[in-house]
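Engineer: What follows is the residue order along each chain.
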Amino acid sequence: MAYGPEKGIGRWLFSTNHKDIGTMYLWFSFAMFLLGGFFAMVIRAELFEPGMQIVNPEFFNQMTTMHGLVMVFGAIMPSFVGLANWLIPMQIGAPDMALPRLNNLSFWILPFGFTLLASTLFMEGGAPNFGWTFYAPLSTTYAPSTVNFFIFGVHIIGASSIMGSINIIATVLNLRAPGMTLMKMPLFVWTWLITAFLLVAVMPVLAGTVTMMLMDINFGTSFFDAAGGGDPVLFQHVFWFFGHPEVYIIILPAFGVVSAVIPTFSRKPLFGYSSMVYATSAIAFLSFIVWAHHMFTVGMPLAGELYFMYATMLIAVPTGVKVFNWITTMFRGSLTFETPMLYAIAFIILFTIGGFTGLMMAMAPVDIQYHDTYFIVSHFHYVMVAGAVFAMTSGIYYWLPKWTGKMYNEAMGKAQFWVSFIGFNIAFFPQHFLGLAGMPRRYADYSLQFAEWNMVSSIGAFMYGAAQLFFLYNVISTIIAGKPAPQEKTWEGAEGLEWTLSSPPPYHSFTTPPQVK
Amino acid sequence: MSTDSNYYVPEPSKLPVLMALALGTMALGAGMWVRDEGFGVLAVGFLIMSAVMYVWFSTVIKENMAGMTNPQVKRSFVWGMSWFIFSEVMFFAVFFSALFYIRTLSLPWLGGEGDKSDMINLVWPGFQAEWPLMVNPDQVVGGEKFIGPHENMGFPGWGKLFGWLPLWNTIILLTSSVTVHFAHHAMKHNNRSKFNLWLAITVLLGAIFLVVQYVEYHEAYVEMGLTLSSGIYGTTFFMLTGFHGFHVTLGTFMLFVQLIRGFKGHFGADDQFGFEATSWYWHFVDVVWLGLFIFVYVLG
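As they're listed, the protein sequences go chains F and R. Mapping the first sequence onto the working numbering, position 40 (from 1) lands on 40, and the numbers just tick up by one. Mapping the second sequence onto the working numbering, position 146 (from 1) lands on 146, and the numbers just tick up by one.
Keep in mind that the hints were calculated from the coordinates and are not lab data. Incorrect hints may have been included.
Distance condition first, Cα-Cα at most 30 Å in a straight line; then the derived BS3-like pairs of lysine-lysine [what the hints assert, rightly or not]:
1) Lys62(R) <-> Lys74(R)
2) Lys74(R) <-> Lys14(R)
3) Lys62(R) <-> Lys7(F)
4) Lys188(R) <-> Lys7(F)
5) Lys184(F) <-> Lys74(R)
6) Lys194(R) <-> Lys74(R)
7) Lys517(F) <-> Lys74(R)
8) Lys145(R) <-> Lys116(R)
9) Lys74(R) <-> Lys188(R)
10) Lys406(F) <-> Lys483(F)
11) Lys517(F) <-> Lys414(F)
12) Lys483(F) <-> Lys517(F)
Label-pair distances were calculated between CB atoms; the ranges are [what the hints assert, rightly or not]:
13) Asp271(R) <-> Thr512(F): 23 to 31 Å
14) Thr104(R) <-> Gln369(F): 27 to 35 Å
15) Thr512(F) <-> His185(R): 33 to 41 Å
16) Phe246(R) <-> Pro486(F): 51 to 59 Å
17) Ala66(R) <-> Thr328(F): 52 to 60 Å
18) Lys74(R) <-> Pro484(F): 36 to 44 Å
19) Glu130(R) <-> Ser119(F): 40 to 48 Å
20) Lys517(F) <-> Ile85(R): 32 to 40 Å
21) His185(R) <-> Thr181(F): 53 to 61 Å
For every residue, glycine included, the Cβ atom is placed at its ideal position computed from N, Cα and C.
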């Protein structure tokens, strides 16, 4: 392991280093975040006022679809893989990831996959326009022919996820420093171990689902066509068997980040460590047996509705365990409110709101009213944005001084937080009202009664969008001109192996494994 | 848990990014191919991928022979292969699930069971649910998009038992799982010639399986009218057995590579991971076939 970083572009193209690959993941996901954010801005600009102003309805559908796909698969998921790459070896006392070349392959598939996906925007027939959940037969019989590029794009992106996850599992199970038992691992490592398991389990299901679509479209099979004895509802079952664990794939690493940040700024150890581990595992298990709560209006038998309703409500139990543990960690702590902590507290509050609306729509009879309205849109943005993205932002502010050796500007960080927090709530809280009043999602135009709240929502969305450019500025100015960060421990309350390394850490994290007591 | 202080971290490598290029090219090419825009791009991607995989695997083998991979690195490989096989299990699980869902739930509903029967009877009046499905909903209302088969692949009765190809294929594949185990046993006792012999027999059995499956598919298409587009029965039959056959092809090729390595004098009594990983894959393919034999053929 004598080699250092290569010179020039080769350092990035040919890397086998977990930090360099982690950095590439983070920058790539941020680029995708801006791209998906741009699509969101187009959507909100069109919905600013009733009537058609900026885009035509066909293009609007492409925007909602591409926004969802790019954000889920291109921004949020890779960003947490980037965090995992940076942190897992440093947190368990390993020199690098277990399979470094595979690691680089997992990353480099993504630019190819998303270039392919995004290029459909410029092709004849336009980009996929059937929503990010790509329900058949919209995505089969009635899809533009670019759907084929979407299918193969999903295949290679899925392969990238599977390889990345296998790498993480092998690293966690095989490369821990002596003395670091499973129950001594930082919670971020635990949540990623479980997330990686979920990914290996469900990405092949997604691959199978798009393969069925491919066959139905091009080779005459009838998986999703009742005329041949198939069933379009089968699509929804197999999709959501992937799709529900997928939302936990997105949120579990976020839990891990918050479980690192809250104790640091409370200057107390995490309350209920082992119950956190068990709760995470319970959430992962439950995620496999609740998928059809996305399909309450599809015409399932009553027994199915009841089962999926009660099973879904069970998820509130382990999730509640987590929320109470975070709050109890803060209880009687000596709290300070640096930017990462602000984001983490905002995460707890807003994620809990998203969780409660989730509990509301878990009730089958009530969900019939909510289904496919803006209430749903609001719910999952509270979980995806105020949940995953806020936790991610918290993590970036928290570990950026460790990674770069430079300290961000605290005042700028706090300002960025407040613009982001206020913008987010202005954008998405009114969507609850819109949904309850009956505004359906995925429409380019709406009835006049929805005009006010849509305008408010759009203003909030632009504000939140601007806050992300502000975030980009904060990160770049830290890297270029930040003041030197304190060596080793940036935060006085921080615990864990990564804080025993220098800032920035050496190129190969732990060449000799540390002893963990 | 780590006790070795020198875990092997490979130097920067050109292979991963080239592999990603190959996969990206193949995704683009496959999309073009199904859109009838030629298969040139797909072929180029496939060639790059094959070349990269060849170099990549030989690099790993060379590193292993040079003693750079300690037992801890090998444990990473073991975890890697195990979880890869698990992901393959989940891939087959989704196709099996589709089969079970259609057979036990959605097809009976199409046939008028359940509380939506009135509506279903309006759309496909007179449709009878049965499995294997020989007459599709489309056909009962005069459509021609999905024409059911005249014969199916189910159990032909005791009289024709020995002419039933899937039975032979079951015997062939089960035997091959035993022979690959014998090869493993031989290598563990450093008996190289026996290893080569049993492995060669396994490869041969894999190839025979594929030939039999080819004959079976040919019969299905030409004589039984059973095709990909003959409705949900043909769909599930060909997709399940087809993906399995694809995996057998891959597994046979992998075993063949291990056989060449055996002839070249690779492996030792306690250094045979490449072969072991391949044999796990082979056992996995075998177990999937048992599931297919029961649920697609015997109960089909």
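Engineer: Below or equal to 30 Å on CA atoms is what counts here, so check lysine 62(R) against lysine 7(F).
Structural biologist: holds, 26 Å
Engineer: For the range 40 to 48 Å, tell me whether the beta carbons of glutamate 130(R) and serine 119(F) fit it or not.
Structural biologist: holds, 46 Å
Engineer: Straight-line Cα separation of lysine 74(R) and lysine 188(R) no greater than 30 Å?
Structural biologist: holds, 17 Å
Engineer: Does lysine 74(R) lie within 30 Å of lysine 194(R) when you go C-alpha to C-alpha?
Structural biologist: It holds: about 25 Å lies between the C-alpha atoms, which stays within 30 Å.
Engineer: For the pair we were handed, lysine 62(R) and lysine 74(R), check the Cα-Cα distance against 30 Å.
Structural biologist: holds, 14 Å
Engineer: Does the Cβ distance between alanine 66(R) and threonine 328(F) fall inside 52 to 60 Å?
Structural biologist: Given about 54 Å between the Cβ atoms, the range holds.
Engineer: Does the beta carbon distance between lysine 74(R) and proline 484(F) stay inside 36 to 44 Å, or does it fall outside?
Structural biologist: holds, 42 Å
Engineer: Are the Cα atoms of lysine 188(R) and lysine 7(F) separated by 30 Å or less?
Structural biologist: Roughly 45 Å separates the two Cα atoms, so the pair is violated.
Engineer: Is the hinted pair lysine 74(R) and lysine 14(R) satisfied, with a Cα-Cα distance of at most 30 Å?
Structural biologist: holds, 22 Å
Engineer: Verify the proposed pairing of lysine 517(F) with lysine 414(F), using a straight-line Cα cut of 30 Å.
Structural biologist: violated, 37 Å
Engineer: Holds or violated: are the alpha carbons of lysine 406(F) and lysine 483(F) at most 30 Å from each other?
Structural biologist: holds, 5 Å
Engineer: That 27 to 35 Å hint for threonine 104(R) and glutamine 369(F) (C-beta), does it hold up?
Structural biologist: holds, 31 Å
In summary, the structure is inconsistent with hints 4, 11, 12 and 21 from the numbered list given earlier, while agreeing with the others.
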